[in-house]
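Colleague: Here the working numbering is used: the first residue of the sequence shown is 606, the next is one more, and so on.
The hints are simulated quantities; they were obtained by calculation from the structure and are not laboratory data.
Treat each hint with caution, since some may be false.
[Claimed, not checked] Ranges of calculated distance between the beta carbons of each label pair, as one might list FRET restraints: (1) Tyr-720 / Pro-758: 34 to 44 Å; (2) Arg-708 / Lys-619: 28 to 38 Å; (3) Pro-762 / Lys-742: 11 to 21 Å.
[Claimed, not checked] Pairs of lysine-lysine, BS3-like flavour, derived with a Cα cap of 30 Å: (4) Lys-619 / Lys-647; (5) Lys-638 / Lys-707; (6) Lys-680 / Lys-647; (7) Lys-619 / Lys-707; (8) Lys-742 / Lys-638; (9) Lys-740 / Lys-707; (10) Lys-763 / Lys-680; (11) Lys-718 / Lys-707; (12) Lys-742 / Lys-763; (13) Lys-638 / Lys-619; (14) Lys-707 / Lys-763; (15) Lys-680 / Lys-742; (16) Lys-680 / Lys-718; (17) Lys-619 / Lys-718.
The model shown is predicted, which means the values in this text are computed figures rather than measured ones.
C-beta atoms are modelled at their ideal positions from N, C-alpha and C, and glycine is treated no differently.
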Amino acid sequence: MSWAKYQMFSQLRKFEKILVTGPQRSGTTICAKMISEDTGHKLILEEVFGNSLESFSIIVRGEINFVIQCPAMNKYIHRFDDDITAIILMRRNVDDIIASEKRIAWEGTSELKRYGLSAGIIADIKYNYWNTYQKHKITNAFEIEYEDLAVHPLWVPKEERRNFTSRQIRLGE
């Protein structure tokens, strides 16, 4: 669904919990920040819980009115489905994801292990898992195309973010 261009994210206010997942480098950080800005929900970045499913679960089960950026929890995201939760998968061209991974020297070894694998393109693996196993199990599942974020006021054009760090989403940070 390409509604990011037309409605942005204010319609997500009705959800008490918004989980933004997808492959690393797919735009989960900037998307979560945009949703937080548009809804007024508290932003929680993945550094708060790291790679810990237990810590993530405690946050998700105990908080309300938040947006949580959680690409490392992609494998388990369907477990957090309920009526008050929106689960958003970021879609981005896999070649662009790989280029971004290389730019910051990110390796997906730990992510591959979550799926019981030691080799493969983790973005393809996550998208396939979402399509074949997860999406149909989630009540409020949404997909957002990375390119659709370009109309949001927080967007920074590619040529201006070439030297961004892995967590940077604004100029001058």
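Colleague: Determine for every hint whether it applies to the structure shown.
Modeller: Evaluated hints:
1. For the hinted restraint 34 to 44 Å between Tyr-720 and Pro-758, the CB-CB distance of approximately 36 Å keeps it satisfied.
2. Checked against the given bound of 28 to 38 Å, the beta carbons of Arg-708 and Lys-619, roughly 36 Å apart, stay inside it.
3. Hint check: Pro-762 to Lys-742, Cβ distance near 36 Å, so the stated range 11 to 21 Å is violated.
4. A distance of roughly 14 Å separates the Cα atoms of Lys-619 and Lys-647; the hinted pair therefore holds under the 30 Å criterion.
5. For the hint linking Lys-638 to Lys-707, the alpha-carbon distance of about 23 Å falls within 30 Å, and the restraint holds.
6. The suggested pairing of Lys-680 with Lys-647 holds, with an alpha-carbon distance near 23 Å, which does not exceed 30 Å.
7. A threshold of 30 Å between alpha carbons decides the hint, and for Lys-619 with Lys-707 the separation of about 37 Å lies outside it, so the pair is violated.
8. The straight-line distance between the Cα atoms of Lys-742 and Lys-638 is roughly 26 Å, inside the 30 Å bound, and the hint therefore holds.
9. Annotation: proposed proximity of Lys-740 to Lys-707 holds, straight-line Cα distance about 28 Å (limit 30 Å).
10. This hinted pair checks out: Lys-763 and Lys-680 have alpha carbons roughly 29 Å apart, not beyond 30 Å.
11. At most 30 Å may separate the alpha-carbon atoms for a hinted pair to count; Lys-718 and Lys-707 meet this at roughly 19 Å.
12. At roughly 34 Å between alpha-carbon atoms, Lys-742 and Lys-763 are farther apart than 30 Å, so this suggested pair is violated.
13. A distance of roughly 17 Å separates the Cα atoms of Lys-638 and Lys-619; the hinted pair therefore holds under the 30 Å criterion.
14. For the hint pairing Lys-707 with Lys-763, the CA-to-CA distance comes to about 16 Å; that is within 30 Å, so the pair holds.
15. Annotation: proposed proximity of Lys-680 to Lys-742 holds, straight-line Cα distance about 13 Å (limit 30 Å).
16. The hinted pair formed by Lys-680 and Lys-718 meets the criterion: a straight-line CA distance of about 11 Å does not exceed 30 Å.
17. Between the alpha carbons of Lys-619 and Lys-718 the distance comes to roughly 35 Å, so the proposed pair goes past 30 Å and is violated.
Violated hints for the displayed structure, listed by number in ascending order: 3, 7, 12, 17.
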